[in-house]
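> When you get a sec, could you build the whole thing from the sequences and use the hints?
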Amino acid sequence: MADEPQEYIKVTYTKPRPYRWAAGEYLSRLYQECRDNKKLMTVRCQHCKQHVWPPAKVCGRCKKLSGNDWVEVSDKGTVVQFTYTNFPMFDPHAGRYITEEYPFATIDIDDSEIYWVARLEEKDKSKLKTGMRVQAVWREEDRGGGLDHDILYFRTIEE
Amino acid sequence: MARRVAIVGVGQTYHKSHRPDVSQMELVNEAVRPALADAQLRMKDIDAVYVGNMETFEGIYLPDHSMVDFSGAYMKPGFKIASGGTTGASILEEAFHAVSAGIFDKVLVAAFEKQDSGDSTGAITAATTPAWGKGQARGAIHEFAKQALSYIKHSGATEEHAAMVRVKADKGACRNPYSHLKLGLKSVDEILSSEPLEYPLRLFDFCPQSCGACAIIIATEEEVRKITNKPVWIADTICVHQEIFRAGAFCDFTDKERYSQEIAAERIYKRNGITNPYKEIDMAEVYEPSDWEEMLIYELFGLCPRNEGWKLVEKGITEIEGEWPVNPSGGVLSSNPIGATPTVRIAECVLQIRGEAGEHQCTKDIKTAFATALGGPNWTSMILLKRSL
Amino acid sequence: MADRVGIVAVAQTKFQPNRDEVNAGELVWETIEPVMKETGLNFTDDDGNGDIESIVTCSQDFWDGMTISSMGVMSFVGGHHATEDKIAEDSLNALFAAYAQILSGHFDMVLVSTHTKESMGDRSIIETAAMDPVMMRSLGLDFFIAGALQARRYMEKYGVTAEQIAKVAVKNRGNGMKNPVAQEPMNITVEDVLKSKMLVDPIHQLDTKPVSDGSIAMILAREDKARKITDKPIWITGVSNCYETHYLGDRDLAECDALVAAARRAYKMAGITLPAKEIDIAEIADEYSYQELLWMEGLGLCGRGEAGRLIDAGVTQIGGKLPVNTSGGMLCGNPTVVAGMARVAESVLQLRGEAGERQVPGASVALAHGATGAAGQHQCVMTLSNK
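Chains as they are written, first to last, in the numbering used here: chain A, 1 to 159; chain B, 1001 to 1389; chain C, 2001 to 2387.
If you're looking for bench data, these hints aren't it; they were derived computationally from the structure. Backbone N, C-alpha and C define an ideal beta-carbon position, used for all residues, glycine too. Take these hints with a grain of salt, some might be off.
The following label-pair restraints were derived from C-beta to C-beta distances [as the list claims (entries may be wrong)]: (1) 2364/C <-> 1045/B: 36 to 42 Å; (2) 2321/C <-> 1116/B: 55 to 61 Å; (3) 127/A <-> 1275/B: 30 to 36 Å; (4) 144/A <-> 1193/B: 43 to 49 Å; (5) 2309/C <-> 1044/B: 34 to 40 Å.
Set out below in structure tokens:
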């Protein structure tokens, strides 16, 4: 008996846990503009005057209400960092493994304090360079799934 | 008037990637028993039990409830704290407040992670505000890939420097019976040729996912006298949160923002009359999910000027035999039972101060040390420990 | 002589379901903004200068559907470059933690914020996740079912009747008519309760609370600061908590040993020897109506098995000798986790003389109670005073 390796029983439990999240007042406005007008909007904090990204009712750095100075945000920017994954990762919000085929980049959005991490359309790693100019590519149909859904990726542009 | 508090017992499990032989509760018990033995106390002597764990990692809601017979909390007061990566230190901080206040005299804190029961990366991805982060499956690895890119840009450090940190960690791990990864690394080439994870991180640049638990017992001054002649005093604790950096989560690409680590260090040094941490503190156990992050940590906690952390690595200063050892235990790079990781950092400092770290004991005499924890969008906890106050 | 810790400001949202127009942070702001304004205190700045150096939040990752759920509210509670910890039990425990932070001398003032939006998740799926994953989870056992088992056992052991239990629902929903933040106040009779749909025997629809969303914020301060902030500080005189065993079969569910232990420790701190006489009002976590009776006994407000007789005699009505749940209790609609602080909020209002139509004249000592987990596995008790 002592020579047999012990069998360890595993109990598996798979049950979806559904949630209904509210985007809230400020994020809803951004998502609405994305869905209806393919426009990026956020609020400039009335105190520090910086873009609050994602838009939020309270500016966390000022610890005060951000206010209602809604401004349009450019959909163009410059890549300051890029990276790419080499293995599949589990996305709990999607409930499945995603093998990320696209590279990710931190994009310095024009005329703002916003640095946005998003996918790049360019899959050829040898073509990726910091400093390259990119522009958002919108999903043409069925927008309204939030920013990561409504914007497919950022495309390299000549500028 | 605040009472003085010391650590009188520590216990940890042998951290491994899979523990099919124990349930989550048994795993915690494996750390609780040695902590009690170390303090030469029985569970009946303990006044309260604080448990730390991030529930979504194992998919168990209120884990402190199901493990009440194994953590020893049965019929005792206690709390469950869940504040992200810093949880393992938060439990000590909250217990410290309560014991200082005179509410309890002897408290056991325990933290754990049983990574084989769930998906940590998935759970970390679930920390993004749901309406905002949906669909962006990236976890912590992505954030540390960005941190590495930022660090390279600002400091000029090279992959070889990061790899040297990894080799140092493994040296410590091979001498530490509790650590998870003992790779026997001989040269930086082994790291540079390991599998790519997320550019520029390779497999060995990043911490593993470990199953493990750690328990610490603290007591008030009067009790300490009765329990041990090797108390390790909690001189001070601090926890600093921050808004997420505009350009990054753990590293500010723009180099314009202040880090919670700098702020925590500044405040705790000031409160404790420390003007030269390099001279007045002897070592640290820090929370470094990647080797790149460790170099930045040296700078943020004031061990060297900004952007020069890699120089300490080149000169071997942070090795076990070095002038200012960092993570002689092998650190988080060798063992990462996430919830317990900060608790392990504290426990390792305790062993060093007592001179009981065996083969991974630092060459220099350790009288004062600090342990750090990292969590959320770069939140910091810092615990300052001393042989005598 | 230790300094005392006082509650200097309280704000509650009106409890409602389906607060879909706000996210967690915005919901929390509804109570943060008023307590900050009322006290004139400020958050700390980038250099750490300011009044609120420490924040204790209280929410559950499983309910928020978010790992580190405090991240969702951090911007709204002044967390930047400040200290924050999240207590993951009923929010009465968050007040306990804040109390310890101040009593230790490490902080002068602490902001406590709790929230839950029950409408966004599935209660049963979430609660089953708390049961032992290997032995109990596949039974589909949740806190409702555990409560029903407890109710049935309690009724059998002590002869408590369904009518007596229903009286709790009648009393509390009636009290809720006088509470502007109550979600589902109702004027009902015992017959209404007993005729309402039987959900999990012996618990009827009207014995349960509605799904609720809400937040509460409070500011605690050390005595010297508290007296400068408000002329009506309410002192925390005693507090403790305690765990019971997890496996329902190991417990006699008609008993609540953990509650007895927690209450004893809290009363000792407060110097209360005869709770039934010395306490003027009690706010007790009545997630299901039978719980008010059972917890009253565990709290020592009457002997074992006697709470039914007390409610028959009208002792716990507004106007009775020991009013219980003048707020309307959890039954009128408090979200889980938030409930504990709702008990304290009412206690504070009563002790300040600000409870309007619900006011118990001359109330000076209050008892607040919160429970977490299956059949109240974790119990927390707090006593408060205005003297």
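> Does the structure break any of the earlier hints, and which numbers would those be?
3
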